[in-house]
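If you read the protein sequences in the order shown, they are chains U and H. When we follow my numbering, the leftmost residue of the first sequence carries the number 729, and every step to the right adds one. When we follow my numbering, the leftmost residue of the second sequence carries the number 181, and every step to the right adds one.
Calculated from the structure, these hints are not laboratory results. Honestly, I wouldn't trust all of these hints.
[Stated by the list, open to error] Covered, in the sense of this in silico footprint (three residues per stretch, anywhere, with C-beta under 8 Å from a C-beta of chain H), are these stretches of chain U:
1) 785–793
2) 915–928
[Unchecked claim] Computed list of lysine to aspartate or glutamate pairs in EDC-like fashion (alpha-carbon distance at most 16 Å, straight line):
3) U:K1000 to H:D287
4) U:K922 to U:E934
5) U:K947 to U:E982
6) U:K922 to U:D841
7) H:K217 to H:D287
8) H:K273 to H:D301
9) H:K273 to H:E229
10) H:K323 to U:D841
11) H:K252 to H:E296
12) H:K273 to H:D244
13) H:K252 to H:D287
14) H:K303 to U:D804
15) U:K1000 to U:D841
16) H:K303 to H:D276
17) H:K304 to H:D276
18) U:K772 to U:E908
19) U:K997 to H:D287
20) H:K268 to H:E229
21) H:K268 to U:E982
22) H:K304 to U:E976
23) H:K323 to U:E982
[Unchecked claim] What the simulated footprint calls covered on chain H by chain U, stretch by stretch (three residues with Cβ under 8 Å from a Cβ of chain U suffice, anywhere in the stretch; the number is not a length):
24) 232–238
25) 251–264
The beta carbon of each residue, even a glycine, is placed where N, CA and C say it ideally should be.
If you want the building blocks of each chain, they are given just below.
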Amino acid sequence: MRGFFLAPIVAMAFLPAALSSQTTAPGSAKAPPNAAVPRTSDGKPNLNGVWQGGSTRRGTWEEANSGLGVGGTGRDPAAPANPASQQVIREPAPYQPWAAQKVLESFNKRGIDDPTALCLPPGLPREAIVGLFPLQIVQTPQQIVILYEYMNVFRVIPLNARHPDDLVPTYMGDSVGHWEGDTLVVDVTGFNDKTWLTGTGTLHSEALHITERYTRVDKDQINYDVTMVDPNVLTKPWTIHLTIMLREGTRLQEYVCAENNLEPERHEKLLKDGVNFSRQ
Amino acid sequence: MTRPISWAWRLAAGAVWLFTMPLLAHHSFGAEYDANKPVTLTGVVTRIEWTNPHCYLHLDVTDDKGHAANWKLEGYGPNSLYRTGWRKDVTMKPGDTVTVFGWRARDGTNWAHSREITFSDGKKLFFGPPAGTGDGGSTPAVKVP
């Protein structure tokens, strides 16, 4: 059992490898065309396929999630911890002091206030980096569609379009995209304030504005660079660099979260019974 | 293990702030279950709820004093189990005798979070994520002075 608790530490021991896979700078649009990148008939990088966020490992779902796998899913309990199952963010999130305090409160409450415990859509970029579930990209010259297995959420991303003028705040926001060389740039706005950005407690306001950059660097890997701007809670833009890995042979499945969600009731009972689950 | 860990801590203590993305799961393990209360149960499967967002395994367990109890053990959702080789109504069925390792619920009931299942032929499979999953990881996303 001890190994489970050491997993994050072991992961840190492999940091150089994890970091090196994420240091490809955004803006590779100026680089010469990458021959290793599959392309569509119009010459754009071909993003079609089923992918896994939250991983740095190549291969099929089974190969990439051997050992403990993302979320500890691996089949072989005897295998060592998988250092690539947790991706590394290199600096603390730049929250304003009052907001940082709220993030910390949520962390200390072990995320019992997680909106996804109510089966609500996870928002962005969280939905894109949930490693337990695959996503599928469907690409045409006019639009990109991303289907997420987790919560069965979808995004339609028209290319070279403008956001509607009459946006009503939503969980997943409104997305428009365009190509900058070999990088798909997606501008997302129109969010509500009911989701977390990444991990536990990472709140935001309706002023959130996200820019995602998808750069397929070879057959297996998309570099996923995300910049979050929210002047109401952050002190400066927050950029994270992650990878999304191809999972050939994987298919998306139905996910009906409300089917048997016992958590709201369980959480209410914990609080009512006064069970101490706080970190402090 | 000692050497890489100490090396990692030196790295972590350096000029650069580092934290890992928490393993993201649907629920908060840490709030509901106690990682300091591991439990190993051997019993007979009475029912399996193959449902989202989490599957549940029900197990009849008799302790050393002859007391029988039915335990409820939470696991991954069906999709994650499918992708790691589990098949509904095939891999594990009511009537099977299995040993489950997991962690007890904080409310002290016969409820636990399951991790590893050992079948009667010795085969082992994960039925649920490790302790600490979904509760924010080991480091908060922010640094508060």
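Evaluated hints:
1. 785–793: holds (count 3)
2. 915–928: holds (count 3)
3. U:K1000 to H:D287: 11 Å, holds
4. U:K922 to U:E934: Roughly 9 Å separates the two Cα atoms, so the pair holds.
5. U:K947 to U:E982: Violated, at roughly 27 Å.
6. U:K922 to U:D841: Distance of about 11 Å is within 16 Å: holds.
7. H:K217 to H:D287: Satisfied, since the Cα-Cα distance of roughly 12 Å is no more than 16 Å.
8. H:K273 to H:D301: Satisfied, since the Cα-Cα distance of roughly 14 Å is no more than 16 Å.
9. H:K273 to H:E229: 11 Å, holds
10. H:K323 to U:D841: Judged against 16 Å, a Cα distance of about 20 Å means the pair is violated.
11. H:K252 to H:E296: Holds, because 14 Å separates the two Cα atoms, which is no more than 16 Å.
12. H:K273 to H:D244: Violated, at about 25 Å.
13. H:K252 to H:D287: This hinted pair holds, its Cα atoms lying about 13 Å apart.
14. H:K303 to U:D804: Between K303 of chain H and D804 of chain U the Cα gap is close to 10 Å, so the pair holds against 16 Å.
15. U:K1000 to U:D841: Distance ~15 Å between K1000 of chain U and D841 of chain U Cα, so the pair holds.
16. H:K303 to H:D276: 13 Å, holds
17. H:K304 to H:D276: At roughly 14 Å apart (the allowed maximum being 16 Å), D276 of chain H and K304 of chain H satisfy the hint.
18. U:K772 to U:E908: 10 Å, holds
19. U:K997 to H:D287: Status holds; Cα separation ~9 Å.
20. H:K268 to H:E229: With a Cα-Cα distance of about 10 Å, the restraint between K268 of chain H and E229 of chain H holds, given a limit of 16 Å.
21. H:K268 to U:E982: 15 Å, holds
22. H:K304 to U:E976: Answer violated: K304 of chain H to E976 of chain U is near 26 Å, above 16 Å.
23. H:K323 to U:E982: Given that 16 Å is the threshold and the Cα spacing comes to 38 Å, the pair is violated.
24. 232–238: holds (count 4)
25. 251–264: Coverage by chain U holds for the segment 251–264 of chain H (8 residues, Cβ < 8 Å).
Hint check: violations occur at hints 5, 10, 12, 22, 23; the rest are consistent with the structure.
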